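If you read the sequences in order, they're chains W and G. All residue numbers for the first sequence refer to my numbering, where the first residue is 71 and numbers rise by one. All residue numbers for the second sequence refer to my numbering, where the first residue is 8 and numbers rise by one.
Just so you know, these hints were derived from the structure itself, not from any lab. Just so we're clear, the structure is a prediction, and the values are computed from it rather than from any experiment. We put the beta carbon where it would ideally sit given N, CA and C, even for glycine.
Chain W stretches covered by chain G per the calculated footprint, using a threshold of three residues with CB under 8 Å from any CB of chain G:
1. 132–142
2. 145–154
Far from chain G, by Cβ distances over 10 Å, these chain W residues were calculated:
3. PRO103
4. SER162
5. THR173
6. GLY219
7. GLY258
8. GLY297
9. GLU302
10. ALA320
11. ALA327
12. THR344
13. SER355
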Amino acid sequence: MSGAPHEDIDAHSGTATTGHEWDGIRELNTPLPKWWLYILYATIVWAIGYIIVYPAIPLISGHTPGVAGWTSRGAVTQELAQLTQQRAPMTSTLEKASFSEITKDERLRTFALAQGRAAFGDNCAPCHGAGGGGAFSFPNLNDDDWIWGGSLEAIQQTIQYGIRSTHPDTRIGIMPAFAQILNTKEIGQLVNHVRALGGLTTENTYDKPLADRLFGEQCAACHGDGGKGNIELGAPNLVDSIWLFGSDKASILQTLARGRASMMPAWNGRLDDTTIKALSVYVQSLGGVKTVP
Amino acid sequence: MSLWRKHQIFEKNSIFLLIGVLVVISIGGLVEVLPLFYLKSTIERVEGMRPYTPLELAGRNIYVREGCYNCHSQMIRSLRDEVERYGHYSLAAESMYDKPFQWGSKRNGPDLARVGAKYSDEWHKQHLDNPRSMVPGSIMPAYPWLGKTEVAVNEIKMDMKVLAFQGQPYSLEMIENAAKDMVTQATNDAADADGLAQRYPKAQSRKFSGLNGPVNEADALIAYLQMLGTLVDFKIYDGKANLR
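Okay, chain G solo, but in the shape it has when bound:
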């Protein structure tokens, strides 16, 4: 019983209790969080992941700004019915350039991790303008201003610089060409589409919103949505090597 008596030290001195609580909580952090930073197996080795293009990055910023993550997850869990509905379960590697990640934990709407290339651009445009026109029972709010709001083409460079500082592989060339690349990607049959595709493999360029005029927020958001989950080639992905 003498060991139990020693426990009274914690109960009778609040400073010891506080220190004890901190020690216990930090064990949780050390065991659950810290290893994710040094374990190489955390992020699978895959082919095809690249940082976001300037236009996609602008779209991602809008996605975060509008709080899309409050109702849409971007995380297909490794459960049978999820894989049957949405496709291959999400890999950690697929969010490696997401800061902050957009996994989400609430699904008022469907998961968007593999929504890219699933619907047409026009569907997205009409659906953002008025979700009920496409899905009668939808409870999603309308975002009609996106197509009417211009994107500040010259400012995306700043975002890329910050991400490069955080360690994302944006080269100087990418940062210098940011504004140009953004306009290129939001143009049909753009002259420098090849240069863009060279810097950002698999980048698709077209006027995503279908609206004439300068790059608007609908262009950016739809470009982002149309690339989600399309970068990793699962035909060559070795699932057995990454079982966990």
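Bound-form chain W, shown alone:
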């Protein structure tokens, strides 16, 4: 390995060697292929162009903005504006239309359903399920049992302000904890009574007259005399086989003794009014509208 430059030409290939020699074999100093070299030069030229056109070099109090004036945040703002414009003909009609107009206009309703479906997947599905099937303490939206009302206006209000949410206009109303009001025996009677209302089996200890009296005193104010519920107060209908918090004895006992107050967030602010309108139409379509209370 000598440091001195060599101009040693290999006789066979005509290429210069590096001057290294091992056992009589010398290393060729083959130059880079021309095509490769020119591509490298081209990328350097491209980079110079890029620096001129786009934001690139940081300076003392900012950066070189580039002659195109492009910014990533400006680009996304513009793209969103384009999207809004593209959707504008239908969106603005939807924005202005009343619910009864939407219901009558098949084209508008189809658009609302499509938009509502997309928004539902992004925002509602985690709790209510991808198909609106619900889960424990998260209402099933595929049935016709509307806790806070199934009219489009009622659904819109629920989505907008939520239920027991942090929004000042939220729907409120809770199932109180009866452990402090009633004794264990009385709560046990009511557990049986609620199961009886829902058409489920009861225990031998079930004393219907006593339970009826207790229900009338404690529960009827919200759930109604017959247990049919009250959408004004968000008190569920108990005379059906839909159980938000479970129908087994232990679950109902928990509901009665400890109370229930699940929460739905307010979407006002996070979603725009038109999206909420579309969602209302979509959500109502899931549960059907035959017997909307």
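Please build the complex by placing chain G on the supplied structure of chain W, with the hints as guidance.
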């Protein structure tokens, strides 16, 4: 060709090559990293950012400990489909009190930068206990021990002291009240909720996990998740002034 010949110095002396490599790499660092420390435009001026409350900070520590960042990003990029799905793109200012930041680079799960106030506390609790009970197709692991593990209320003060030392605006009053504030924030209708909200604007206080008993890790983590992305008021944020 004589210039090319000089290049042989690097090829034939490893120490020169090493020095040359260091010089080239440090140019990259100087140009790409250093300006972020002195440029005022790096962090947007926004209203509403505050350091984490003691409970949120404890939640953040759990978030880091459990490696949530391995599957969840906290960075809504300025791309149309991201903004449509998650909301306003993330600002640098929104991570100004994150050390280390939780931007993440992998999304096995959704981005969490604006998950705050999107779901109910109960959803988070059930989802942490068993993700499949809420999202049938989820591949997220379950974290059922969080609700059963107590948070060391008195230790959060140490974290805050370190962060204050690093320059975060934790006042002496905040540090002294740390343990009390943490308990307050994890209590329904707490007596000193006003004091907490004064020290940490927009702090919400309630028993996040819904479980009785002392402050547990689910309380802390859910409190943290419920505040993510909710501090900056985008109604008054001037997007045009911060185009970049």
